[in-house]
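**Q** Residue strings, one per chain:
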Amino acid sequence: MASTIRVRATSSGETTEVQALIQHPMDSGFVKDSKGEIIPPHFIQQLTFEYDGKNVFTADWGGGVSKDPYVKFAFKGGKKGDELKISWVDNKGATDTTTAKIQ
Amino acid sequence: MRKAMLKSALVLALFAAGVLPARAAGSEDDYKAAYAAAEAANKEAGKLRNQWTTTANTLAAAKKAAEVGDFDKAAASAKEAEALAKASIFQATSEKTRWREMEIR
Amino acid sequence: MRLRSAIYLASAALAFAALTLAGTLPSGAADKVDPVADAKAFQKFFTDKFPKVKLEDFVNGPYSMNEDLYRQWQDKEQFPPYEFSLEMGKEMFSKPFKNGKTYADCFENGGIGVRQNYPLFDAKEGKVITLELALNRCREANGEQPYSYVRDEMAALTAYMAFTSRGKPMDIKIPDDPRALAAYENGKEYFYTRRGQLNFSCATCHVQSPGERIRAEILAPALGIVNAMPIYRSEWSGMGTTSRRFTTCNSQIRGVPLSPQDDEYRNVEYYLSYVSNGLPISGPGARP
Numbered sequence: 000m001a002s003t004i005r006v007r008a009t010s011s012g013e014t015t016e017v018q019a020l021i022q023h024p025m026d027s028g029f030v031k032d033s034k035g036e037i038i039p040p041h042f043i044q045q046l047t048f049e050y051d052g053k054n055v056f057t058a059d060w061g062g063g064v065s066k067d068p069y070v071k072f073a074f075k076g077g078k079k080g081d082e083l084k085i086s087w088v089d090n091k092g093a094t095d096t097t098t099a100k101i102q
Numbered sequence: 000m001r002k003a004m005l006k007s008a009l010v011l012a013l014f015a016a017g018v019l020p021a022r023a024a025g026s027e028d029d030y031k032a033a034y035a036a037a038e039a040a041n042k043e044a045g046k047l048r049n050q051w052t053t054t055a056n057t058l059a060a061a062k063k064a065a066e067v068g069d070f071d072k073a074a075a076s077a078k079e080a081e082a083l084a085k086a087s088i089f090q091a092t093s094e095k096t097r098w099r100e101m102e103i104r
Numbered sequence: 000m001r002l003r004s005a006i007y008l009a010s011a012a013l014a015f016a017a018l019t020l021a022g023t024l025p026s027g028a029a030d031k032v033d034p035v036a037d038a039k040a041f042q043k044f045f046t047d048k049f050p051k052v053k054l055e056d057f058v059n060g061p062y063s064m065n066e067d068l069y070r071q072w073q074d075k076e077q078f079p080p081y082e083f084s085l086e087m088g089k090e091m092f093s094k095p096f097k098n099g100k101t102y103a104d105c106f107e108n109g110g111i112g113v114r115q116n117y118p119l120f121d122a123k124e125g126k127v128i129t130l131e132l133a134l135n136r137c138r139e140a141n142g143e144q145p146y147s148y149v150r151d152e153m154a155a156l157t158a159y160m161a162f163t164s165r166g167k168p169m170d171i172k173i174p175d176d177p178r179a180l181a182a183y184e185n186g187k188e189y190f191y192t193r194r195g196q197l198n199f200s201c202a203t204c205h206v207q208s209p210g211e212r213i214r215a216e217i218l219a220p221a222l223g224i225v226n227a228m229p230i231y232r233s234e235w236s237g238m239g240t241t242s243r244r245f246t247t248c249n250s251q252i253r254g255v256p257l258s259p260q261d262d263e264y265r266n267v268e269y270y271l272s273y274v275s276n277g278l279p280i281s282g283p284g285a286r287p
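Residue numbers (numbering that gives the first Met the number 0), protein chains in the order written: chain A, 0 to 102; chain B, 0 to 104; chain C, 0 to 287.
Note that these hints are calculated values from the structure, not bench results.
Hints may contain errors.
[What the hints assert, rightly or not] Once the Cα atoms are required to be at most 27 Å apart in a straight line, the calculated DSS-like pairs of lysine-lysine come out as:
(1) C:K39 x B:K95
(2) A:K75 x A:K34
(3) A:K100 x C:K89
(4) B:K95 x C:K31
(5) A:K84 x C:K75
(6) A:K31 x B:K63
(7) C:K126 x B:K95
(8) A:K71 x A:K100
(9) C:K89 x A:K66
(10) B:K46 x B:K95
(11) C:K126 x A:K75
(12) B:K31 x B:K62
(13) C:K167 x B:K95
(14) A:K34 x A:K66
(15) C:K172 x C:K39
(16) B:K46 x C:K126
(17) B:K72 x B:K95
(18) A:K71 x C:K75
(19) A:K71 x A:K91
(20) B:K72 x B:K62
(21) C:K39 x C:K167
(22) A:K66 x C:K75
(23) B:K62 x A:K31
(24) C:K43 x C:K172
(25) C:K75 x A:K79
(26) B:K72 x B:K31
(27) A:K34 x B:K62
(28) C:K75 x A:K100
(29) C:K89 x C:K167
(30) B:K63 x A:K34
(31) B:K46 x B:K62
(32) C:K126 x A:K78
Use the sequences and the hints to build the structure in full.
**A** Below, the structure is given as structure tokens:
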């Protein structure tokens, strides 16, 4: 199955800009379905971006983040051709991970 | 004078409390008639492809009140629903010619 | 209580109006239907109103009306929220039906790069066919169940087809057929007719108030408004079809929606698409 993480990282000398789009329902656990029953909470709890063995960005999320979240940030460093590793874990214990080359 | 006023006040109070039995039965009939009229008007609006969501909601409220025996409230809601339905008919009919006023030419 | 009085007043006015209108109801359009002139006037209205916006940019809806929104949208377009739906649509489009045929068999050029021709007028049936209707007919003709017009699958399929036509100019044809002209005129009438308890027409927001706000949203101009369909709306947290937008718009102004793909909806899509002829297809789109 294709990865749920889409990422693009671009280096411009001193900083690297990263954008990511993650496919995930991000159900808060407060919404009811058409039958009136609560849709159980199902959301990413932690999202990490790793470069050169270190976490350059960590997100601790809850049910307040919308479906298919989009993240954009920049970090100091990062060279063209190097790898960036992205992983997430959700409240059900599911995970996904992917690597992307910095452009 | 005062005695007469008190007397009419008492009668008024009795009316308001719905104590007189004949009135209670009349109120259910009132509701049924009003609901039928409202439904008919809403159906007419449907033929004109212009029903309002608030008409449907008010009709539903009328039915709900009737189910718990509050026929005064039910009749009042049904009459409001009829007014809403009639307004939607008026809107559809007048817009048949008036829409051209909005048209970009 | 005030509302109630207003309603009673309105129904009293109805009674009065019924008496006065009785003998003066119109018997149909007196002027000749001239779509070419209409489209010209329509496009001129918007380019005059917004002289700084290039004609082709009107298809970007609210983003063409507000600089800050435009910048945020440009940013997001690098990783557009409709990407997942688009991918799903591509997969669905190429997957054969149970009988072995595909959607490509139902469309000109295999369904690639043809979205700008829809809606079209079908002379045999005498009615307007939208892309959504054509897709479901394709399914039914090949023994498959039709999709709901307001749910994800139809949105994904039309997203893919729109994507293959990106950049192509809208190219709606109105044949010299009185039924086609009637459908066009019917769509135009629908667009300008006020409805619902809030008494809004499509024009109230999209002709009278583009660039202005309704609550927190910035209104899109009617010119080019269907070119971006289907759209991923943040409000919906998902992809939505033209049918979904028409029906939800109706309920928002407290009008009971018609059924998706009813005559009026197909005709208004025909009208709106025609008057936006020449503007590029920008779908699938992303909106707040």
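**Q** Now tell me if each hint is right for this structure.
**A** Hints and how they fare:
1. C:K39 x B:K95: Holds, because 24 Å separates the two Cα atoms, which is no more than 27 Å.
2. A:K75 x A:K34: violated, 49 Å
3. A:K100 x C:K89: holds, 26 Å
4. B:K95 x C:K31: Holds: K95 of chain B and K31 of chain C sit about 17 Å apart, inside 27 Å.
5. A:K84 x C:K75: holds, 22 Å
6. A:K31 x B:K63: The given pair, whose Cα atoms are some 24 Å apart, holds under the 27 Å limit.
7. C:K126 x B:K95: holds, 22 Å
8. A:K71 x A:K100: holds, 16 Å
9. C:K89 x A:K66: holds, 21 Å
10. B:K46 x B:K95: holds, 14 Å
11. C:K126 x A:K75: violated, 60 Å
12. B:K31 x B:K62: holds, 10 Å
13. C:K167 x B:K95: Roughly 36 Å separates the two Cα atoms, so the pair is violated.
14. A:K34 x A:K66: holds, 21 Å
15. C:K172 x C:K39: holds, 15 Å
16. B:K46 x C:K126: holds, 21 Å
17. B:K72 x B:K95: Between K72 of chain B and K95 of chain B the Cα gap is close to 35 Å, so the pair fails against 27 Å, i.e. violated.
18. A:K71 x C:K75: Between K71 of chain A and K75 of chain C the Cα gap is close to 10 Å, so the pair holds against 27 Å.
19. A:K71 x A:K91: holds, 25 Å
20. B:K72 x B:K62: Given pair K72 of chain B, K62 of chain B holds - Cα atoms ~10 Å apart, limit 27 Å.
21. C:K39 x C:K167: Given that 27 Å is the threshold and the Cα spacing comes to 19 Å, the pair holds.
22. A:K66 x C:K75: Holds: K66 of chain A and K75 of chain C sit about 15 Å apart, inside 27 Å.
23. B:K62 x A:K31: holds, 26 Å
24. C:K43 x C:K172: holds, 20 Å
25. C:K75 x A:K79: holds, 23 Å
26. B:K72 x B:K31: Satisfied, since the Cα-Cα distance of roughly 12 Å is no more than 27 Å.
27. A:K34 x B:K62: Status holds; Cα separation ~23 Å.
28. C:K75 x A:K100: Holds: K75 of chain C and K100 of chain A sit about 21 Å apart, inside 27 Å.
29. C:K89 x C:K167: holds, 19 Å
30. B:K63 x A:K34: holds, 21 Å
31. B:K46 x B:K62: Judged against 27 Å, a Cα distance of about 23 Å means the pair holds.
32. C:K126 x A:K78: violated, 59 Å
Violated hints for the displayed structure, listed by number in ascending order: 2, 11, 13, 17 and 32.
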